[in-house]
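Q: Each chain, letter by letter, is given below.
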Amino acid sequence: MEFFQEFRNLRLVKTLVDEINRITTKPWVIMEICGGQTHAIMQYGIDQLLPPRIELVHGPGCPVCVTSLELIDKSHAIAAQPGVIFASFGDMLRVPGSKNDLFSLRASGSDVRVVYSPLDAVKIAQENPDKQVVFFAIGFETTAPANAMCVLLAKSLNLNNFSLLVSHVRVPPAIDVILSSPYNQVQGILAAGHVCTVMGYWEYLPLSQKYQSPIVVTGFEPLDILQGIYMTVRQLENNQSIVENAYGRVVTQNGNRSAQAVINQVFQTCDRKWRGIGLIENSGWRLKPEFDYYDAEKRFSVEQISPEESTVCIAGLILQGLKKPLQCPAFGIQCTPEHPLGATMVSSEGACSAYYRYQRIDNY
Amino acid sequence: MFLGVPGKIIEIYNKDDLLMGKIDFGGVFREVCLSYTPEAKIGDYALIHVGFTLNLISEEEAKETLSLLEQISSLDNKKP
Ligand code: SF4
Chain A
205 MEFFQEFRNL RLVKTLVDEI NRITTKPWVI MEICGGQTHA IMQYGIDQLL PPRIELVHGP
265 GCPVCVTSLE LIDKSHAIAA QPGVIFASFG DMLRVPGSKN DLFSLRASGS DVRVVYSPLD
325 AVKIAQENPD KQVVFFAIGF ETTAPANAMC VLLAKSLNLN NFSLLVSHVR VPPAIDVILS
385 SPYNQVQGIL AAGHVCTVMG YWEYLPLSQK YQSPIVVTGF EPLDILQGIY MTVRQLENNQ
445 SIVENAYGRV VTQNGNRSAQ AVINQVFQTC DRKWRGIGLI ENSGWRLKPE FDYYDAEKRF
505 SVEQISPEES TVCIAGLILQ GLKKPLQCPA FGIQCTPEHP LGATMVSSEG ACSAYYRYQR
565 IDNY
Chain B
195 MFLGVPGKII EIYNKDDLLM GKIDFGGVFR EVCLSYTPEA KIGDYALIHV GFTLNLISEE
255 EAKETLSLLE QISSLDNKKP
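The listed protein sequences correspond, in order, to chains A and B. The working numbering puts the first residue of the first sequence at 205, with every later residue one more than the last. The working numbering puts the first residue of the second sequence at 195, with every later residue one more than the last.
Chain B with its partners taken away, still in its complex shape:
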């Protein structure tokens, strides 16, 4: 219940003076408040918790982390 989950922003609009959006959670759709990520664009991934985006997810950082892990992995394979 309390776990924040990633989702993709597919719509952005205003409601009751709040910046709102529609999020695709892998095929399940929900309306959430985007007020804390005013820089959000359609197609961005965000971390959502109890109906609010807490931050956008950086694809670049994600790829960097994964490539770091890949490096460890290839080092590992070279070990005798």
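Here chain A stands alone, though its shape is the one from the complex:
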């Protein structure tokens, strides 16, 4: 792993921080889209290394956080049915629905299983032909290639007991919503390196032009993040707004074409509701009609759900960069990782969880 370690090299970190300091003459607000980057920023204390004039705000790139309450309640209704094995990524289990979470359903006897990959869910379906196996297919463009491939695999294996509860979301329409808000403060964007690994970054060129905002594709190691910030600040200071790539070892402009082809074979774009944010046009993927057979929403009749959101949680504003976790009156008091009121406190990519875990309490 030698050369990856270099992307944590302290001496180079210091160099980049000094460079950012040297070129910064004005205050700038930069948003990191991906919750994985939010956690890395907190974990390595990158926010505290930067000049105070650079403010980082946290974006919506947390799939667990933006999965709509309706779909979470639906997942609970399906998981509670007899004869169902409900498979999900682990972070989803504690996410509060209107009434409970998947953990408590499991405790009361439902067969809820944590998987690392959707391939594991396909395997569970092969091994349990007398059960219906439902996989909670959440995620951004990064997870879509895996989920799409599993639909094709289930089809080629003739599995009739496997289906997906699909909650796929796409980044570019969310950036559009954030930058077009009349309350928007964000001046530059760190695009999520792994989303761009799949999709490339051509989709960001019109956004960058439309909003005159630099967009820099950024990775996840400390040097990657600092380089992304450096390139963004350099553009802002020079009054530029183009798309740049600070994660060249993984990302190309066109992305992974074979992954995109499989996504396009299985999914089509659709409007999607984001938890706390609302409906965003064309911001989701759903199964194409020819794969309806694998759609858990069609396979299981789930009665009309009218979800109830916590009244104190401001996660929706946090996910749009309009507020920070410490501005939530419930943070650390009524709302903790043990008793979360919102998904941003649960997920390993949620901003509230990052602030709680890395104790960003005293510098507010």
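A few of these clues could be false.
[To be verified] Here are the simulated EDC-like cross-link-like pairs (lysine to aspartate or glutamate), alpha carbons at most 20 Å apart as the crow flies:
1) 303/A / 277/A
2) 202/B / 253/B
3) 209/B / 324/A
4) 216/B / 499/A
5) 257/B / 210/A
6) 230/A / 210/A
7) 303/A / 274/A
8) 216/B / 238/B
9) 218/A / 264/B
10) 209/B / 331/A
11) 257/B / 425/A
12) 202/B / 233/B
13) 359/A / 210/B
14) 202/B / 210/A
15) 202/B / 425/A
16) 359/A / 331/A
17) 303/A / 542/A
18) 327/A / 238/B
19) 327/A / 225/B
20) 477/A / 494/A
21) 359/A / 233/B
22) 327/A / 210/B
23) 218/A / 258/B
24) 477/A / 223/A
25) 218/A / 259/A
Source of the hints: derived by calculation from the structure; they are not laboratory data. If you're wondering where the values come from, they're calculated on a predicted model, not measured in any experiment.
Fit chain B with the ligand to the supplied structure of chain A, relying on the hints for placement.
A: Using the frame of chain A, we list chain B with the ligand on its own:
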């Protein structure tokens, strides 16, 4: 959970018509699907997410980035 992580490909084989491989994540080993990186060779580094390689990692690009940063660093040191 959702973070893609780099790993080294140490085995490549076919299973259920899928191109699969074994990945070394710094001493932890896992089976992943290589279908999206058919050009993968043993010894390559890849970025892995929920059991699939999303792309290979270019050592050349990595070195280029690092040497660029080194240049900034040496410029920095020369400043008064
Ligand atoms: S601290 Fe809890 S209640 Fe407040 S915004 Fe975050 S998740 Fe919601």
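Q: Hint by hint, note whether the structure agrees.
A: Going through the hints against the structure:
About 8 Å separates the Cα atoms of residue 303/A and residue 277/A, which keeps this hinted pair within 20 Å; it holds. With a C-alpha separation of about 12 Å, the suggested pairing of residue 202/B with residue 253/B holds against the 20 Å cut-off. Our distance criterion of 20 Å between C-alpha atoms is met by residue 209/B and residue 324/A, whose separation comes to about 14 Å. A C-alpha spacing of about 31 Å is found between residue 216/B and residue 499/A, which places the hinted pair above 20 Å, so the restraint is violated.
About 9 Å separates the Cα atoms of residue 257/B and residue 210/A, which keeps this hinted pair within 20 Å; it holds. The hinted pair formed by residue 230/A and residue 210/A fails the criterion: a straight-line CA distance of about 31 Å is larger than 20 Å. Distance hint between residue 303/A and residue 274/A is fulfilled; the C-alpha atoms sit about 12 Å from each other, no more than 20 Å. In summary, the hint linking residue 216/B to residue 238/B is supported, as the alpha carbons are separated by about 12 Å, within the 20 Å threshold.
Note on residue 218/A and residue 264/B: the hinted pairing holds, with a Cα-Cα distance of about 11 Å set against a maximum of 20 Å. A threshold of 20 Å between alpha carbons decides the hint, and for residue 209/B with residue 331/A the separation of about 16 Å falls inside it, so the pair holds. Between residue 257/B and residue 425/A, the direct Cα distance comes to roughly 15 Å. Compliance with the 20 Å bound is thereby established for this hinted pair. Only pairs whose Cα atoms come within 20 Å are accepted, and residue 202/B paired with residue 233/B is accepted, the gap being roughly 14 Å.
Proposed proximity of residue 359/A and residue 210/B is supported: the alpha carbons are some 12 Å apart, at most 20 Å. Note on residue 202/B and residue 210/A: the hinted pairing holds, with a Cα-Cα distance of about 16 Å set against a maximum of 20 Å. Annotation: proposed proximity of residue 202/B to residue 425/A holds, straight-line Cα distance about 17 Å (limit 20 Å). Of the pairs offered as hints, the one joining residue 359/A and residue 331/A holds, with about 16 Å between alpha carbons and a cut-off of 20 Å not exceeded.
This hinted pair checks out: residue 303/A and residue 542/A have alpha carbons roughly 16 Å apart, not beyond 20 Å. Restraint check for residue 327/A and residue 238/B: the C-alpha separation of about 27 Å exceeds 20 Å, so the hint is violated. About 13 Å separates the Cα atoms of residue 327/A and residue 225/B, which keeps this hinted pair within 20 Å; it holds. For the given pair, residue 477/A sits about 23 Å from residue 494/A by alpha-carbon distance, which is inconsistent with the 20 Å threshold.
With a C-alpha separation of about 25 Å, the suggested pairing of residue 359/A with residue 233/B is violated against the 20 Å cut-off. Under the criterion of a C-alpha separation no larger than 20 Å, the hint pairing residue 327/A with residue 210/B is consistent with the structure, at around 11 Å. Distance check on the hinted pair: residue 218/A and residue 258/B sit about 19 Å apart at the alpha-carbon level, within 20 Å; holds. Among the hinted pairs, residue 477/A with residue 223/A is inconsistent with the structure: their alpha-carbon atoms are about 41 Å apart, more than 20 Å.
For the given pair, residue 218/A sits about 18 Å from residue 259/A by alpha-carbon distance, which is consistent with the 20 Å threshold.
The structure fails hints 4, 6, 18, 20, 21 and 24 (numbered hints given earlier, in ascending order).
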